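Colleague: Same order as they appear, the protein sequences are chains L and E.
Here our numbering is used: the first residue of the first sequence is 1, the next is one more, and so on.
Here our numbering is used: the first residue of the second sequence is 466, the next is one more, and so on.
In case anyone wonders, no lab produced these hints; they're calculated from the structure.
Model, not experiment: these values are computed from the prediction.
Be a bit skeptical, because a hint or two may be false.
[Claimed, not checked] Mimicking DSSO-like on lysine-lysine, the simulated pairs with C-alpha atoms at most 30 Å apart in a straight line are: (1) 39/L x 468/E; (2) 468/E x 541/E; (3) 15/L x 39/L; (4) 39/L x 636/E; (5) 706/E x 15/L; (6) 541/E x 636/E; (7) 636/E x 468/E; (8) 238/L x 39/L.
[What the hints assert, rightly or not] From chain L, some residues computed to sit far from chain E (all C-beta separations above 12 Å): (9) 14; (10) 16; (11) 18; (12) 20; (13) 29; (14) 95; (15) 260; (16) 305.
We put the CB at the ideal spot given by N, CA and C, even for glycine.
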Amino acid sequence: MTATPTRIDSFAAAKPRHAVLSGWGRFPLSESDIYRPEKIAELQALVSSNGASLIARGAGRAYGDAALNDQNRVADIQRLNRMLSFDPETALLRCEAGVTIAEIIDVFLPRGFFPPVTPGTRFVTLGGSIAADVHGKNHHRDSSLASHVTNFDLMLASGEIWRCSREENPDLFWATVGGMGLTGVIVEVEIRLRPVESAYFNGELIRAPNIDAAIEAFERTDSEFGYSVAWIDCASSKSSLGRSVLNVGNFATLDTLPQNLAQDPLSVTPPIIPTVPFDLPGGTLNALTVKAFNAVIYALYRDTRARTIFDWESFFYPLDWIRSWNRIYGKRGFVQYQCVWPLAESRAGLIEVLEAISASGRASFLAVLKKFGAQDGMLSFPMPGYTLALDFPVNDTLLEFLETLDAMVLKRGGRVYLAKDARMRPETFRAMYPNLPQWQAAKALADPNNRFSSSLSRRLNMDPA
Amino acid sequence: MSKILILGATSPIARALALRFAVDGAQLFLAARDPNEVGRVASDLSVRSGVPALSGTFDAADFAAHDAFIRDAATKLGGLDGVVVCFGTLGDEDAAQIDPAAALATVHQNFTGAVSLLTIAARHLEQQRSGFIIVIGSVAGDRGRARNYVYGSAKGALALFTQGLRGRLAKAGVHVMTVKLGTVDTRMTWGREGTMLTVAPVQAADSIYEAWRSRAEVVYVPWFWRVIMGVVQLIPERRFKRLTL
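Please model the entire structure based on the sequences and the hints provided.
Modeller: If you want it as structure tokens, here you go:
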């Protein structure tokens, strides 16, 4: 391995802010000393200043405890968000890890470029997105974010900065992609943007009356559409178990846009932004209201297939529209549960889990179904197969219920997404992520004294020792 | 195209303000102490605005170098229409209250450095009979407080200097604006207890930009600090000296 020589400035130790933090799910809560460096040298001083545990945190959009470090140090990297270079010929953007997907859209969509992969919110940093190796609606075709990252610079515990790519320090590259920030702090990223002709999508809404129809629709539209996702009604049962509305599409080319949109095809219209101003009472979302809500949504899509033009925002980010949507779950917060099954087990796995949810009388307000393609990172979540994302308000019996789901998923060779997890058991995690020993070896080399750790890494007992 | 020099360009407020100017079509020269950081900030501005930004380094306390520095920036810009003073530091107030060297360092970083640089720049703008100067100060300069009077006195002096300069340059048609910052969410306020009513640097920069466009003379950012400081200034000295502010 080669180290890029770097100068460490003597920097007066910046003061931390001592505060209670949580992930986007607002469960669990943890107390930390939070640092927010504004210069590279400041981050270097923080990383190498002492031996206490440190974890980098981006925009705090991981749902559980991935960016928490209870009673320890957290480095908020959002102020390290400088864009360093962009080449329109190659579409390569080099920038600091605190740059968000939203900033990339603001700056580059008007010039005809879009992030190659985006999760369901654009308010995430690139650093966090690489650490979680996020996926989007185009995973079946374009894989996860890491596939579009040519290289990144990783700051190790010594303060040294190492360039990592598929050729340079490849083990560290693949251990950092999906590595939940535990190998070091991602400082700089080079990413290839996607050239687009418009900010719109040519798409279809496809109504699927049950899970088999939904899977059939995914398989059928797979090759035609680069982007696909389904909203799935978890409150339905029996013959309509897993009824869904698929949303599939491709970026619209200029020649397919109607006249009125073709005049300003790359417009990033500023949306009106409603906010949930306070925590809704704990019981607002219960099985009954969710059931009613889902029935109404499903009924709205009467046609079995409808061709539509979507704007980029409503296609990718239906929830970003409501800024603090996590508050609808009340003060106790909520848990996201996202799992994936290998292709051969997906149908049986989906039915098993949907029936368990239905039988439990719980209902997930927002449930999403999606087909994944191939994947590379050592701890990356996706695998070829179907993934289901659910959210449940926290109550006294929820954690127990989710463990029964874990067992179902594990039995079929599936796994649960770390960026959303707040409660999995270490033995379950070990069984679900068979490349853990390989990852631990790479982590031990890069961070021999285990300076980078988080609430998540301690809970899941991920550390090599 | 307006040619603007930003002094202390690596702060988040300066970054956001520079972007507003750049999007407006201005040509910018970004200057700060740290060559690595100012280079990054200039790259950022270039990528975001699509217009290449120039950059260079200066040290507020290296008075002898100021004349050459300003000349160099103006030459590279191909003129000079605006100067924005964004630099300043809280410094180590505890040290500054017992160690004269530390006290003078705080004064140089917040006052005398700006006096030196602005005097040179003002000469140029006055001859040119057009342009503007924005000086970003602090509400800490409105009244001396036990907790930060070294820093506060430097900012207070800076406000007086700017006020006088405004009067002088008005005759030449040069707009001089004083900004008094309240609490903005930057490293100066991060981790300080009892800090409230902070605004994001981007919002602060937007307010400064709007005030500049409307040719304001003195502006508090955020605006309600004018009210707060108005009240603070009304407290009789006998009482004020006993308050822990």
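Colleague: Against this structure, judge whether each hint is valid.
Modeller: Now the hints, each set against the structure:
Restraint check: the Cα-Cα separation between residue 39/L and residue 468/E comes to about 26 Å, which is no more than 30 Å; the hinted pair holds. For the suggested pair residue 468/E and residue 541/E, the alpha carbons sit about 10 Å apart, so the restraint of at most 30 Å is met. With a C-alpha separation of about 14 Å, the suggested pairing of residue 15/L with residue 39/L holds against the 30 Å cut-off. Of the pairs offered as hints, the one joining residue 39/L and residue 636/E is violated, with about 41 Å between alpha carbons and a cut-off of 30 Å exceeded.
For the given pair, residue 706/E sits about 27 Å from residue 15/L by alpha-carbon distance, which is consistent with the 30 Å threshold. Of the pairs offered as hints, the one joining residue 541/E and residue 636/E holds, with about 28 Å between alpha carbons and a cut-off of 30 Å not exceeded. For a cut-off of 30 Å, the pair hint linking residue 636/E to residue 468/E stands: about 21 Å separates their Cα positions. For the hint linking residue 238/L to residue 39/L, the alpha-carbon distance of about 57 Å lies beyond 30 Å, and the restraint is violated.
Against chain E, the non-interface label of residue 14/L is violated: not every CB pair exceeds 12 Å, the least being about 6 Å. Not every Cβ of chain E is farther than 12 Å from the Cβ of residue 16/L; the closest lies at roughly 5 Å, contradicting the non-interface assignment. With a least beta-carbon separation of about 8 Å from chain E, residue 18/L fails to lie farther than 12 Å from that chain, contradicting its non-interface assignment. Distance check on residue 20/L: its Cβ is at least 14 Å (rounded) from any Cβ of chain E, clearing the 12 Å threshold; non-interface status holds.
For residue 29/L, the shortest C-beta to C-beta distance to chain E comes to about 19 Å, beyond the 12 Å cut-off, and the non-interface label holds. Annotated as non-interface, residue 95/L brings its C-beta within 12 Å of a C-beta of chain E; the closest such distance is 8 Å. Annotated as non-interface, residue 260/L keeps its C-beta farther than 12 Å from every C-beta of chain E; the closest such distance is 27 Å. Separation of residue 305/L from chain E is adequate, the least Cβ-Cβ distance of about 41 Å exceeding the 12 Å criterion.
Hints 4, 8, 9, 10, 11, 14 from the list above are not met by this structure, while the remaining hints are.
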